[in-house]
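Those protein sequences? They're chains A, B, C and D, same order as listed. Just add 1 to the spot in the first sequence (first one is 1) and you have my numbering. Just add 1 to the spot in the second sequence (first one is 1) and you have my numbering. Just add 1 to the spot in the third sequence (first one is 1) and you have my numbering. Just add 1 to the spot in the fourth sequence (first one is 1) and you have my numbering.
Check before you lean on any hint, since a few could be wrong.
The list makes no distinction among identical chains, and a pair is therefore deemed to hold if it is satisfied within one copy or across any two copies.
[To be verified] Okay, derived cross-link-like pairs now, DSSO-like style, lysine-lysine, Cα gap no bigger than 27 Å in a straight line:
1. Lys99 with Lys42
2. Lys55 with Lys118
3. Lys89 with Lys99
4. Lys117 with Lys99
5. Lys117 with Lys89
6. Lys131 with Lys89
7. Lys55 with Lys89
8. Lys131 with Lys42
9. Lys117 with Lys55
10. Lys55 with Lys137
11. Lys55 with Lys131
12. Lys120 with Lys96
13. Lys99 with Lys118
14. Lys117 with Lys131
To be clear, the hints were calculated from the coordinates, so they are not data collected in a lab.
There are 4 protein chains.
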Amino acid sequence: MKNKTFVWNERVRIYDTDAQGVVHYAGYYRFFTDAFEQFSKTFLNSEFPMISEKVWFVVVESRAEYHTPAHLGDILHTYVNAEVLGQKAIRFSFKIHKGRSVVCDGYIVQVAIDSKKWKAVPVPQYIVEKIRVLEKHK
Amino acid sequence: MKNKTFVWNERVRIYDTDAQGVVHYAGYYRFFTDAFEQFSKTFLNSEFPMISEKVWFVVVESRAEYHTPAHLGDILHTYVNAEVLGQKAIRFSFKIHKGRSVVCDGYIVQVAIDSKKWKAVPVPQYIVEKIRVLEKHK
Amino acid sequence: MKNKTFVWNERVRIYDTDAQGVVHYAGYYRFFTDAFEQFSKTFLNSEFPMISEKVWFVVVESRAEYHTPAHLGDILHTYVNAEVLGQKAIRFSFKIHKGRSVVCDGYIVQVAIDSKKWKAVPVPQYIVEKIRVLEKHK
Amino acid sequence: MKNKTFVWNERVRIYDTDAQGVVHYAGYYRFFTDAFEQFSKTFLNSEFPMISEKVWFVVVESRAEYHTPAHLGDILHTYVNAEVLGQKAIRFSFKIHKGRSVVCDGYIVQVAIDSKKWKAVPVPQYIVEKIRVLEKHK
Numbered sequence: 002m003k004n005k006t007f008v009w010n011e012r013v014r015i016y017d018t019d020a021q022g023v024v025h026y027a028g029y030y031r032f033f034t035d036a037f038e039q040f041s042k043t044f045l046n047s048e049f050p051m052i053s054e055k056v057w058f059v060v061v062e063s064r065a066e067y068h069t070p071a072h073l074g075d076i077l078h079t080y081v082n083a084e085v086l087g088q089k090a091i092r093f094s095f096k097i098h099k100g101r102s103v104v105c106d107g108y109i110v111q112v113a114i115d116s117k118k119w120k121a122v123p124v125p126q127y128i129v130e131k132i133r134v135l136e137k138h139k
Numbered sequence: 002m003k004n005k006t007f008v009w010n011e012r013v014r015i016y017d018t019d020a021q022g023v024v025h026y027a028g029y030y031r032f033f034t035d036a037f038e039q040f041s042k043t044f045l046n047s048e049f050p051m052i053s054e055k056v057w058f059v060v061v062e063s064r065a066e067y068h069t070p071a072h073l074g075d076i077l078h079t080y081v082n083a084e085v086l087g088q089k090a091i092r093f094s095f096k097i098h099k100g101r102s103v104v105c106d107g108y109i110v111q112v113a114i115d116s117k118k119w120k121a122v123p124v125p126q127y128i129v130e131k132i133r134v135l136e137k138h139k
Numbered sequence: 002m003k004n005k006t007f008v009w010n011e012r013v014r015i016y017d018t019d020a021q022g023v024v025h026y027a028g029y030y031r032f033f034t035d036a037f038e039q040f041s042k043t044f045l046n047s048e049f050p051m052i053s054e055k056v057w058f059v060v061v062e063s064r065a066e067y068h069t070p071a072h073l074g075d076i077l078h079t080y081v082n083a084e085v086l087g088q089k090a091i092r093f094s095f096k097i098h099k100g101r102s103v104v105c106d107g108y109i110v111q112v113a114i115d116s117k118k119w120k121a122v123p124v125p126q127y128i129v130e131k132i133r134v135l136e137k138h139k
Numbered sequence: 002m003k004n005k006t007f008v009w010n011e012r013v014r015i016y017d018t019d020a021q022g023v024v025h026y027a028g029y030y031r032f033f034t035d036a037f038e039q040f041s042k043t044f045l046n047s048e049f050p051m052i053s054e055k056v057w058f059v060v061v062e063s064r065a066e067y068h069t070p071a072h073l074g075d076i077l078h079t080y081v082n083a084e085v086l087g088q089k090a091i092r093f094s095f096k097i098h099k100g101r102s103v104v105c106d107g108y109i110v111q112v113a114i115d116s117k118k119w120k121a122v123p124v125p126q127y128i129v130e131k132i133r134v135l136e137k138h139k
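Whole structure, please, built from the sequences with the hints as guidance.
The structure is reproduced here in structure tokens:
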């Protein structure tokens with residue numbers, strides 16, 4: 002992980018856990034979403050997923066692999082990277098650390114759509130450019 | 002509970018529970034919501050909380066008391082009652098049973114609003130009437 | 002989809018949706034979990050994910066692709082298939098339909114663990130056998 | 002609100018909202034829980050709700066009133082107060098502000114239990130004392 006990578010920290014809450022005493026598998030997507038929204042606010046100057054009234058981002062794929070369980074009160078550090086996948090899609094990748102262990106990694110793929118027609122459109126150029134700049138600095 | 006009372010059954014899922022091994026306190030509002038939506042569909046002929054494009058219901062108060070914990074796999078029976086509170090509000094009350102024990106009871110108060118102006122409006126008359134009929138049969 | 006495939010039906014609730022007016026991407030994992038728990042109860046005779054005090058299943062991977070958005074009140078049909086992946090893991094695959102459209106598909110991979118040591122153990126033989134029988138009938 | 006009152010800030014996330022475009026009514030309990038856990042960590046030196054292996058806190062009542070809707074991206078400030086209710090219970094009250102508007106207020110009542118027997122026990126004395134000190138400074 003290099004200097005331009007965004008990191009978002011948070012604490013595991015009681016509602017993130019389930020009766021197995023650890024974070025519920027689907028609960029990690031909350032951490033992905035939080036990190037993604039903060040990344041967008043910081044680097045893309047944008048209130049994702051609603052970029053404007055006309056252009057929204059919608060998730061077309063999500064994936065996570067779980068390596069070590071996280072428990073109530075754990076402080077998690079989520080590293081975020083963004084990557085342009087063609088004209089219409091961006092992949093946001095996440096690696097969640099607890100201390101030096103990797104707890105979970107995965108990604109979500111976001112596609113730009115026309116919010117009225119619900120049809121894919123090109124990702125706004127200023128967003129593509131901002132991500133390209135970040136990619137160069139990695 | 003009399004014959005006209007609506008009952009909705011469901012099973013406690015792993016995501017309803019938390020690290021204490023029981024249903025998370027806020028998770029009971031999921032059961033309230035499910036029972037309320039099924040009640041509305043059955044008796045009010047309405048896809049609550051969006052009655053129409055113009056009239057929505059929004060929750061202005063919620064309350065729950067917890068008596069016995071519920072566990073993964075438990076089958077819960079939620080009894081629903083509706084009560085007209087003046088022109089603009091309806092209270093939906095819930096009693097959740099597990100076998101003969103009362104697990105939780107509480108209510109939500111819904112207010113009708115103009116969805117564009119987000120201002121309270123009278124509850125549509127056909128809904129008031131349907132609830133009054135149910136009240137008589139209790 | 003053949004005759005031995007399990008199907009679980011449910012309705013999109015208001016809490017499944019987000020401000021984009023459709024089901025939130027992570028919300029589909031709730032439908033996966035519901036279908037998986039019902040499948041396990043029906044075919045594996047087991048209250049997944051806690052098989053016994055000693056043997057638990059934990060999710061090591063989850064993935065979903067989103068094809069068509071689902072809305073409040075939609076009735077969804079989730080088709081489930083299980084597949085043995087070596088001695089210690091089972092993949093449960095899901096395809097969620099709304100009428101004839103595929104809304105979402107994906108899977109979760111469950112691994113058997115010793116719940117005290119939190120170490121992978123072989124999947125109990127009776128579960129492997131039940132899944133093998135289902136695989137033959139597909 | 003005086004100087005000893007604890008305040009916890011957070012941002013409304015996409016998963017907090019529903020298809021009405023605002024925070025889902027039950028979603029406010031997430032903000033209550035977050036503020037409560039941070040309060041406990043800060044003032045009670047305690048990883049609520051599991052105080053120790055033997056003593057847990059469980060919620061016996063929850064209530065919220067909703068005054069103004071909150072939207073995606075809103076920054077919310079949650080003010081917390083704690084109050085001893087007899088030997089076995091503590092009420093945590095919350096007031097959520099967005100700028101100068103009160104968005105929501107409410108409370109949860111926590112009761113101390115023996116985690117093995119699931120029976121009410123007195124709240125540990127050091128917690129009662131810490132809360133009494135805070136009450137004096139209000």
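Now for the hints, and whether the structure bears them out:
Both within a single protomer and between protomers do Lys99 and Lys42 lie at most 27 Å apart by alpha-carbon distance, with minima of 24 Å and 19 Å respectively. Proximity of Lys55 to Lys118 under the C-alpha cut-off of 27 Å is found in both arrangements, the shortest distances being 9 Å within a copy and 21 Å between copies. With identical chains, the CA atoms of Lys89 and Lys99 are at most 27 Å apart between copies only, with a shortest distance of 26 Å across copies and 33 Å within one. Taking the closest pair of Cα atoms, Lys117 and Lys99 come within 27 Å of each other only across two copies (21 Å); inside a single copy the shortest separation is 41 Å, beyond that limit.
Only within a single protomer do Lys117 and Lys89 lie at most 27 Å apart by alpha-carbon distance; the minimum there is 17 Å, versus 32 Å between protomers. When the C-alpha separation of Lys131 and Lys89 is checked against a cutoff of 27 Å, the pair qualifies only within one copy, where the shortest distance is 15 Å, while the shortest distance between copies is 44 Å. For the identical chains of this complex, Lys55 and Lys89 are intra-copy neighbours only, at 15 Å inside a copy versus 34 Å across copies, given an alpha-carbon limit of 27 Å. Taking identical chains as interchangeable, the C-alpha atoms of Lys131 and Lys42 lie at most 27 Å apart only when both belong to the same chain, with a minimum of 12 Å there against 38 Å between chains.
Proximity of Lys117 to Lys55 under the C-alpha cut-off of 27 Å is found in both arrangements, the shortest distances being 7 Å within a copy and 19 Å between copies. Taking the shortest Cα distances, Lys55 and Lys137 never come within 27 Å of each other, neither inside one copy (29 Å) nor across copies (49 Å). Taking CA atoms no more than 27 Å apart as the test, Lys55 paired with Lys131 passes inside one copy only; the shortest distance there is 20 Å, against 40 Å between copies. For the identical chains of this complex, Lys120 and Lys96 are inter-copy neighbours only, at 22 Å across copies versus 30 Å inside a copy, given an alpha-carbon limit of 27 Å.
When the C-alpha separation of Lys99 and Lys118 is checked against a cutoff of 27 Å, the pair qualifies only between copies, where the shortest distance is 19 Å, while the shortest distance within a copy is 42 Å. Within a single copy, Lys117 and Lys131 get their C-alpha atoms as close as 26 Å, which meets the 27 Å cut-off; across copies the closest is 36 Å, which misses it.
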